[in-house]
Amino acid sequence: NAGVTQTPKFRILKIGQSMTLQCTQDMNHNYMYWYRQDPGMGLKLIYYSVGAGITDKGEVPNGYNVSRSTTEDFPLRLELAAPSQTSVYFCASSYYFSDGYTFGSGTRLTVV
Amino acid sequence: AQSVTQPDIHITVSEGASLELRCNYSYGATPYLFWYVQSPGQGLQLLLKYFSGDTLVQGIKGFEAEFKRSQSSFNLRKPSVHWSDAAEYFCAAGGGADGLTFGKGTHLIIQP
Numbered sequence: 001n002a003g004v005t006q007t008p009k010f011r012i013l014k015i016g017q018s019m020t021l022q023c024t025q026d027m028n029h030n031y032m033y034w035y036r037q038d039p040g041m042g043l044k045l046i047y048y049s050v051g052a053g054i055t056d057k058g059e060v061p062n063g064y065n066v067s068r069s070t071t072e073d074f075p076l077r078l079e080l081a082a083p084s085q086t087s088v089y090f091c092a093s094s095y096y097f098s099d100g101y102t103f104g105s106g107t108r109l110t111v112v
Numbered sequence: 113a114q115s116v117t118q119p120d121i122h123i124t125v126s127e128g129a130s131l132e133l134r135c136n137y138s139y140g141a142t143p144y145l146f147w148y149v150q151s152p153g154q155g156l157q158l159l160l161k162y163f164s165g166d167t168l169v170q171g172i173k174g175f176e177a178e179f180k181r182s183q184s185s186f187n188l189r190k191p192s193v194h195w196s197d198a199a200e201y202f203c204a205a206g207g208g209a210d211g212l213t214f215g216k217g218t219h220l221i222i223q224p
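If you're matching them up, the sequences are chains X and W in order. In this text, residue positions in the first sequence follow this note's numbering: the first is 1, and each later residue adds one. In this text, residue positions in the second sequence follow this note's numbering: the first is 113, and each later residue adds one.
The set of hints was computed from the structure by calculation and includes no laboratory data. Backbone N, C-alpha and C fix where the C-beta goes; we use that ideal spot for every residue, glycine too. Certain hints may be false.
Pairwise CB distance ranges (calculated) [said to hold, decoys possible]:
no.: 1; chain 1: X; residue 1: K14; chain 2: W; residue 2: A129; range: 43 to 53 Å
no.: 2; chain 1: X; residue 1: G63; chain 2: W; residue 2: Q223; range: 37 to 47 Å
no.: 3; chain 1: X; residue 1: D99; chain 2: W; residue 2: R181; range: 20 to 30 Å
no.: 4; chain 1: W; residue 1: S151; chain 2: X; residue 2: K14; range: 23 to 33 Å
One chain only, chain W, in its complex shape (with noise of 0.2 Å):
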């Protein structure tokens, strides 16, 4: 079955720390892969995506994520994460018009 798991329920980091949020997927080939954003009460925002190509995929927000196939990854950092960055992250994979699958999310806090 397709799954897609992020290990980490709650990472607290400092700000202006790095960050690096985890994402594992199960797929039978490689899906289409996807990090969102979520602030309290708000819909759901998209981070960026990867298809094929080049495995390092820059975002908006001064995120990244780097594919790697070996790992069955797909993670997110951001070099200095400001108080904003405070939200739920979700990593989610698809391979066709049936809907992505989503990870349960990371919760970010941010430490001052």
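Just chain X, with the same shape it has in the complex (with noise of 0.2 Å):
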């Protein structure tokens, strides 16, 4: 039981660049969020979905966009790279919005 993937685990962009974040779970798990971290903010939500085809803004939505078309994945999508999206990103993913969420191990992305 693989829980949940996240690739790649480290990544560097030029500015104005784009790439996709993949997320993968395999628990069957209903609801799915992406979440950002910065050094001493907590984490902040980005996007989340509450099951394929259905998906909606968090806190922080802007230059980023996902997709929910299977219920296993859950890609964020960055468009034009700026160096305020330096951070960790995670994943995460939970049965019922009241369980405790299964997170990934998180990516590391710069923009340089």
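If you follow the hints, you should be able to join the two separate chains into one complex; please do so.
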């Protein structure tokens, strides 16, 4: 049972480049979330999904996009990367929203 | 606005001593409450959660937390810490499918 798998683990982007952060879960969880973690700031919600085909914005969605075509996958797309998007990104999932989340191990992104 | 406050950025505790990490929340109604732990370079792991009922909840790794409605608090405790407990601890709260609000974290240092 792999849980929540995020790829890549590390990435360096140049300003203006685009990339997709991958997130896959094998637990048949309905709810999936993308958070970013900045030092001393806790975690901020970027986007979330309550099921395949349904996504919604979180607290800090600007500069990002998501899709949820299957229950398992919830990729996060960065368009026109900016230095402000330098962060650690975490994907998380849960079966019910009241359950605790299972987190992936994160993607450390640096935009230079 | 919903918020979670962890007043202590850093806490240093001697190995074998007791531990209490503070968490206060501000929500319209009693939210679901969680504590997570994050080891360096890792994702977050759920320690325990509170929904309703008994205000003292037990979690993994010997941790417990007490919900106090009158103080809007959900403090995490452990009777005797081990060096392996050194990590970042996050309190989180949520009321529905739109994700959890996280505190900024408390960094726990264990002195030998």
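Structure-based check of all given hints:
no., hint, verdict
1, X/K14 - W/A129: 43 to 53 Å, "holds (48 Å)"
2, X/G63 - W/Q223: 37 to 47 Å, "holds (42 Å)"
3, X/D99 - W/R181: 20 to 30 Å, "holds (22 Å)"
4, W/S151 - X/K14: 23 to 33 Å, "holds (31 Å)"
The structure shown violates none of the earlier numbered hints.
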